[in-house]
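Trainee: Sequences and hints are given; from them, build the entire structure.
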Amino acid sequence: MKNITIAALTAMALAGGAQAEEFTVGAELPLTGTLARVGSGMQEGVLVAAEVFNKTNGKHKIKIVTIDDESAPAKAVAAVEKLASQGAVAITGGYGSNNILPASDAANKLGLVYITSGGVDDSLVNSGRKNFFRINNTAGYEKAVQGLLADMGAKSVSIVFSTKEATSDLANSVQKALTAKGIKATTHSFDPAITDFKPIINKIKLQDKSEAILMVGYENDYVGILRAARVLKPPVKAMIGVWSLATPKMAAEFPDLMPNVYGTALLPFPAVFDTADGKVFADTYKALYKKEPDYLGQFGYVQSMLLFEAIARAADKGTLKKGGVAEEMRKTDRETLIGRVQFGANGDNPNFVHRMGQHQGKNIVIVWPRETATGKMVYPGLPW
Amino acid sequence: MTELILQALYSGLLQGGSYALIALGLALVFGTMRVINLAHGELVLLAAYIAYSVESGLGLNPAWAIPIALVVVSATSAGVYWIVSRIRKDREINSLILTFGIGVILTNLILLIWKADVRSTSSSWLQEAFVVGPLYSMRSELIFFVVSLLLMGGLWWWLSRSWYGRALRAVSSNRDAAKLMGIAPGRTELVSFIVAGMLAGFAGVALYSYGVIQPAYGGALTVKAFIITVLAGIGSIPGVLLGAVLLGVAEALTVTLASSALQELAGMTLFLLVLFVMPNGLMGAARRRG
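Those protein sequences? They're chains Z and B, same order as listed. Each residue of the first sequence is one higher than the last, beginning at 958 in our numbering. Each residue of the second sequence is one higher than the last, beginning at 44 in our numbering.
Note that these hints are calculated values from the structure, not bench results. Fair warning: this is a prediction, and the values are worked out from it, not measured in the lab. Mixed in with the good hints, there may be bad ones.
For lysine to any residue, the following SDA-like pairs were computed, each having C-alpha atoms within a straight-line distance of at most 20 Å [to be verified]:
1. Z:Lys1319 with B:Ser165
2. Z:Lys1190 with B:Trp107
3. Z:Lys1141 with Z:Lys1087
4. Z:Lys1020 with Z:Asn1083
5. Z:Lys1032 with B:Gly262
6. Z:Lys1206 with B:Thr45
7. Z:Lys1190 with B:Met44
8. Z:Lys1121 with B:Leu305
9. Z:Lys1121 with B:Ser302
10. Z:Lys1166 with B:Leu49
11. Z:Lys1018 with Z:Thr981
12. Z:Lys1166 with B:Thr45
13. Z:Lys1248 with B:Gly262
14. B:Lys158 with Z:Glu1210
15. Z:Lys1087 with Z:Asp1108
16. Z:Lys1012 with Z:Lys1243
17. Z:Lys1194 with Z:Lys1274
18. Z:Lys1279 with Z:Ala1041
19. Z:Lys1247 with B:Leu155
20. Z:Lys1032 with B:Leu154
21. Z:Lys1121 with Z:Asn1083
22. Z:Lys1274 with Z:Glu979
23. Z:Lys1112 with Z:Lys1087
24. Z:Lys1248 with B:Ile156
25. Z:Lys1166 with B:Ser302
26. B:Lys158 with Z:Asp1025
27. Z:Lys1248 with Z:Leu1223
28. Z:Lys1190 with B:Leu47
Between beta-carbon pairs, the in silico distance windows are [said to hold, decoys possible]:
29. B:Leu139 with Z:Gly1275: 28 to 36 Å
30. B:Leu308 with Z:Gln1164: 53 to 61 Å
31. Z:Gln1299 with B:Leu152: 43 to 51 Å
32. Z:Lys1166 with B:Val320: 34 to 42 Å
33. B:Ser167 with Z:Lys1133: 36 to 44 Å
34. Z:Lys1039 with B:Gly196: 36 to 44 Å
35. Z:Gly1085 with B:Ile48: 48 to 56 Å
Heads up, the beta-carbon is just placed ideally off N, CA and C, and yes, glycines get one too.
Mentor: Written out as structure tokens, the structure reads:
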């Protein structure tokens, strides 16, 4: 009888040992409010990462608890604090530098790692926080835009940008860099609330007479600017944007506005995933959401997967509650869907360089950098 | 420079027409009931999303959404009235909180039904340029500018000539005296909300046809409509048009002559300036003098 009891207890202990250890990761994302669209896109990537991690890592499990920050900084802080109280070991997510800054500050004070791909403002990495990490930055977007303009050989550019912090930073950096290269760069800032862009485009048409228009804003701004340009037809050779523009969704929703428009793009469309990681991501994404993955999903996936891997390593070493996650994040060095990711002392990824895509028919063709291009750029090329 | 200013004036005029159409419903309810319907922007947005559904789901021109939008939005507006009419004390203040809450609920309903994506018409015909000499606009802007003028004319006629319009004005002036004259205040106020809903229906379809919509956009629409309503002078329909056009032109000229980043500031400065000089609004003072 005694032997049977010992055998049963041993079996139970072994079974318990074989059971995966579960960690709660908080996802603080804007699912309502002005950033709901991007927040929802990123959430898809976060959940795909958890699904893939849980399937492939037999030893540890990740449980995602999501709280909507309602696109508001105060709610973002409250979300982080609530996630911490619910036992989150780290935070993934956040969108919009103005939300991310206070939210990641709160996470830092609570000793939680906070990783994002939704904020490119440099102040996020310049405030000396040890627990903050991000995989993309203004510099990566700037290099891509500059590279494309250099390939085009444009001599003058009009930069139309939203007065939000991240967009202003990027526009001003690009202007400085272009001016230093002898390219005439004229800026036109606009309030995020404006809807009629005709007066700005008319200034570009009659005064700037630039070869290209660079739009630094968001989806609604791009639609407004492209519509105004389609009406006024300024004599430019290219319409270029940054995030959220060279996407299959924009091609499908605005077929008359998108032809030949450029924007940052991680992958061509139809998407081609030639790495094992990419294929797993795409298959899981399609299985969960019955659609093609987009760039928000990819960013959400990469940031979360890197975080989950760091949590697993820290758990293995028994340093999870001793700052081990941040330590493991700093040791990260691997190829991902957005290229090689490493984290500097400030938590930024110095390797990040975006790619530029162009809407060509119903497809998105990567046209910069040349080494990863999937087709030639159509230049001059306009939607009208 | 002349060409730039002419285009700015033209763009401002059209933008003013758009603002006026959005503000009309709010101005009507505010003018007749002294209720600031903070869910008005969401009602406009609801109509815009109905137009989106009609275009994307049925493949029809957004204009075909007008009948559905009128029914759905005026019914929703009647629902808002029903809730507001439950208030027994301090209606002016309590209705603010109540309609704000309704606005939040409507925003989230829109988000649930239509998701957070940016939407706008894909109709090439509506987006095509309409050119008169050096002046450019989208066809949809011009069409709905004319619609806006017609609706304002119709509303003005209805308020000043029809029995219900006069009844509304009577309730607005003195609720008790109106009752003594055989007017049922509740019913006339309900009519006011239904008409405001219909105007929001037109405004929403127009907005979808030349602008961009997102679920969170309702609050900004309400603010703009409220500014115009106050600028106009309480209850003045011509004032709404004048205020909206002034605002549109001031914004467009600011973009052209200064910076587009100052556009919203210019609008608010105009608002404060007018209220400082004419505390009753543009047409409110004129009416009082008359």
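Trainee: Against this structure, judge whether each hint is valid.
Mentor: Results for each hint:
Distance hint between Lys1319 of chain Z and Ser165 of chain B is fulfilled; the C-alpha atoms sit about 15 Å from each other, no more than 20 Å. A hinted pair counts as satisfied when its Cα atoms are at most 20 Å apart, and Lys1190 of chain Z with Trp107 of chain B does not qualify at roughly 29 Å. Annotation: proposed proximity of Lys1141 of chain Z to Lys1087 of chain Z is violated, straight-line Cα distance about 40 Å (limit 20 Å). As the CA atoms of Lys1020 of chain Z and Asn1083 of chain Z are separated by approximately 31 Å, the hinted pair breaks the 20 Å bound.
Of the supplied pair hints, the one linking Lys1032 of chain Z and Gly262 of chain B holds, its CA atoms being roughly 18 Å apart against a limit of 20 Å. At roughly 40 Å between alpha-carbon atoms, Lys1206 of chain Z and Thr45 of chain B are farther apart than 20 Å, so this suggested pair is violated. Proposed proximity of Lys1190 of chain Z and Met44 of chain B is supported: the alpha carbons are some 18 Å apart, at most 20 Å. About 13 Å separates the Cα atoms of Lys1121 of chain Z and Leu305 of chain B, which keeps this hinted pair within 20 Å; it holds.
Using a Cα cut-off of 20 Å, the hinted pair Lys1121 of chain Z and Ser302 of chain B holds, with the two alpha carbons roughly 15 Å apart. Annotation: proposed proximity of Lys1166 of chain Z to Leu49 of chain B holds, straight-line Cα distance about 19 Å (limit 20 Å). About 9 Å separates the Cα atoms of Lys1018 of chain Z and Thr981 of chain Z, which keeps this hinted pair within 20 Å; it holds. This hinted pair checks out: Lys1166 of chain Z and Thr45 of chain B have alpha carbons roughly 17 Å apart, not beyond 20 Å.
Using a Cα cut-off of 20 Å, the hinted pair Lys1248 of chain Z and Gly262 of chain B is violated, with the two alpha carbons roughly 31 Å apart. Under the criterion of a C-alpha separation no larger than 20 Å, the hint pairing Lys158 of chain B with Glu1210 of chain Z is consistent with the structure, at around 14 Å. This hinted pair does not check out: Lys1087 of chain Z and Asp1108 of chain Z have alpha carbons roughly 39 Å apart, beyond 20 Å. Between the alpha carbons of Lys1012 of chain Z and Lys1243 of chain Z the distance comes to roughly 16 Å, so the proposed pair stays at or under 20 Å and holds.
Between Lys1194 of chain Z and Lys1274 of chain Z the CA atoms are separated by roughly 56 Å; this puts the pair beyond 20 Å, and the hint is violated. With a CA separation close to 15 Å, the supplied pair Lys1279 of chain Z and Ala1041 of chain Z stays within the 20 Å bound. Simply put, Lys1247 of chain Z and Leu155 of chain B have alpha-carbon atoms about 18 Å apart, close enough for the 20 Å limit, and the pair holds. In summary, the hint linking Lys1032 of chain Z to Leu154 of chain B is supported, as the alpha carbons are separated by about 18 Å, within the 20 Å threshold.
Using a Cα cut-off of 20 Å, the hinted pair Lys1121 of chain Z and Asn1083 of chain Z holds, with the two alpha carbons roughly 18 Å apart. Between the alpha carbons of Lys1274 of chain Z and Glu979 of chain Z the distance comes to roughly 16 Å, so the proposed pair stays at or under 20 Å and holds. In summary, the hint linking Lys1112 of chain Z to Lys1087 of chain Z is not supported, as the alpha carbons are separated by about 42 Å, beyond the 20 Å threshold. This hinted pair checks out: Lys1248 of chain Z and Ile156 of chain B have alpha carbons roughly 18 Å apart, not beyond 20 Å.
Simply put, Lys1166 of chain Z and Ser302 of chain B have alpha-carbon atoms about 18 Å apart, close enough for the 20 Å limit, and the pair holds. A distance of roughly 15 Å separates the Cα atoms of Lys158 of chain B and Asp1025 of chain Z; the hinted pair therefore holds under the 20 Å criterion. The hinted pair formed by Lys1248 of chain Z and Leu1223 of chain Z meets the criterion: a straight-line CA distance of about 17 Å does not exceed 20 Å. For the hint linking Lys1190 of chain Z to Leu47 of chain B, the alpha-carbon distance of about 14 Å falls within 20 Å, and the restraint holds.
Restraint check, Leu139 of chain B to Gly1275 of chain Z: a C-beta distance of roughly 56 Å breaks the suggested window 28 to 36 Å. Between Leu308 of chain B and Gln1164 of chain Z the CB atoms are about 22 Å apart, so this pair departs from the stated range of 53 to 61 Å. Under the hint 43 to 51 Å, the C-beta atoms of Gln1299 of chain Z and Leu152 of chain B, about 45 Å apart, fit the expected range. Checked against the hint of 34 to 42 Å, the pair Lys1166 of chain Z and Val320 of chain B passes, with Cβ atoms roughly 41 Å apart.
At roughly 39 Å, the beta-carbon separation of Ser167 of chain B and Lys1133 of chain Z lies within the given 36 to 44 Å, and the hint holds. The hinted range of 36 to 44 Å is not satisfied by Lys1039 of chain Z and Gly196 of chain B, whose Cβ atoms lie roughly 54 Å apart. About 50 Å separates the C-beta atoms of Gly1085 of chain Z and Ile48 of chain B, a value consistent with the hinted range of 48 to 56 Å.
The structure fails hints 2, 3, 4, 6, 13, 15, 17, 23, 29, 30, 34 (numbered hints given earlier, in ascending order).
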